[in-house]
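Engineer: On the provided structure of chain A, position chain B as indicated by the hints.
Protein chains in written order, with my numbering: chain A, 333 to 686; chain B, 42 to 158.
Be aware that one or more of the hints could be misleading.
To give a feel for the contact side, a few chain B residues facing chain A, derived at Cβ under 10 Å [claimed, not checked]:
| # | residue |
| --- | --- |
| 1 | M56 |
| 2 | P76 |
| 3 | I86 |
| 4 | W93 |
| 5 | D126 |
| 6 | S136 |
| 7 | V141 |
| 8 | Y148 |
| 9 | A149 |
It should be emphasised that the hints constitute simulated quantities derived from the structure, not laboratory data.
Since the structure is predicted, the reported quantities are computational estimates derived from the model, not experimental observations.
Positions of the beta carbon are idealized from the N, C-alpha and C atoms, including for glycine.
One-letter residues, chain by chain:
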Amino acid sequence: MFQFSVVNQWIDEFLRTYLSEGWTLLVEFVLVALLVLTAYAVLALLLIYIERKICAFFQCRIGPNRVGPFGILQSVADMIKILLKEIIRINKVDPFLFRLACFLVIIASLCTFGALPFDGGLHAIDFNIGVFYLLAVSSLGVVGILLAGWSSNNKYTMIGAMRSGAQLISYELSCGLSLLSIVILSGTMQLSQIVEQQSDLWFIFKGHVPAFIAFVIYLIAGHAETNRGPFDLPEAESELTAGYHTEYSGIQFGFFYLAEYLNMFIIAAIAATMFLGGWMPLHIPGWDRINEIMDYIPPVIWFFGKTFFCVFMALWVRWAFPRLRIDQLLALEWKILLPIGLINILLMTLLVIL
Amino acid sequence: MSNAALFLTVLITAMFMVLAALLIAKWLAPTSNNPAKGEPYECGIPTRGPSWVQFKVGYYLFAILYLVFDVETVLLFPWAVIVKDLGINGLILVSFFFVVLTLGLVYAWKKGALQWK
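Bound-form chain A, shown alone:
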């Protein structure tokens, strides 16, 4: 099985033969930055295209089909268009907080993105408290959204931001609890080690029923975290125009749009890493021939396959259910998901100990 850490080592040795210690580090940091940026941008364009196409098929439409073959250049054209749009200055906004909000939202999503293990060794950050880090950094986005709504000096954005804040912080609990049950099972918080431990069997199978319950809870809570589908009340367009980013225009709106799409990918990727084995191929103990065949498929393809499976589930849910009311939304979290999550942790602990 090919692992990307070989390439890392090769680049490191190659640079060290020609450059001094400090310059090597500098070049490597620049390489990491470039890779993260490129992956972020390309994935955003890809996700927007995939979303529009799949949504179109759900509604018996064709979707984008004019720009380039099958419309694949549509999202590139949109990106260029959004850069060319005027950034409108609103009279009474709080200018500092108004700009800070874009930064916070992008920082939260890019820092989470950097910690995802795409392949063995293909991750920017690999803390030994990885799961903790993911939860901590991704919750920075809430601050950005609240600031955006507050600073815009508009009633729609204000109500949208309050709703969004209540929803995001509520559902973060369930996300945390379901990830906690996987940490109990694996006994480590480092993402690369969590993936390594799933080399014989994925955690969703290894953890029996509790892991499956945790997976379902994570999918529901994660879907609510991204403000999409039946949980899109922060930007319920029939009530609040566009929610917390009503007053943003041009590229400033683009940042929120970008972060929203990437958050969908990040949630799906975390689900794939923690429950579905990350970049590990499907291995079944005892079935050696099948395991060998599975090893021929590259790990990156496994990772993206699982992630886009989760993304597809999210899109499916989005078009299958009508929007919830805010009381139903909070009742679902606090009266159903949270108690189940707490009991699930005890179940998982019993399973690990006994």
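Structural biologist: Chain B alone, transformed into the frame defined by chain A:
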């Protein structure tokens, strides 16, 4: 390469990306000005009263409840890492913590704090 340095790299990359895109947009995008353009958006008629209005107190209640349970998750993560070594003893000790927390949730539920009125 240490993780802290890599984290800083990613952080700076994020800030650089936002700054660069804003600068490019400033350079490329047209600007025009008229007094009506700066008005906050509200259905095409001028806004009435201040926009920084009071909002429902229910949001605060959920924020406080969230704080309790989030701190709980933070405390449980280190325990979760070593639960295999602690064995049944660790589970019994933590279950006291769990019971106290669950009591808090039950209290809030009975008090009607989870009801959206």
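Engineer: With reference to the structure, classify each hint as holding or not holding.
Structural biologist: Hint by hint, here is what the structure shows:
1. M56: holds, 6 Å
2. P76: holds, 9 Å
3. I86: violated, 13 Å
4. W93: The hint holds - W93 (chain B) has a Cβ within 10 Å of chain A, the shortest such distance being about 7 Å.
5. D126: Holds - the Cβ of D126 (chain B) comes within 10 Å of chain A, reaching about 8 Å at its closest.
6. S136: With a closest approach of 7 Å, the S136 (chain B) hint holds.
7. V141: For V141 (chain B), the interface hint is violated, since the closest Cβ of chain A sits about 12 Å away, which is over 10 Å.
8. Y148: violated, 13 Å
9. A149: holds, 8 Å
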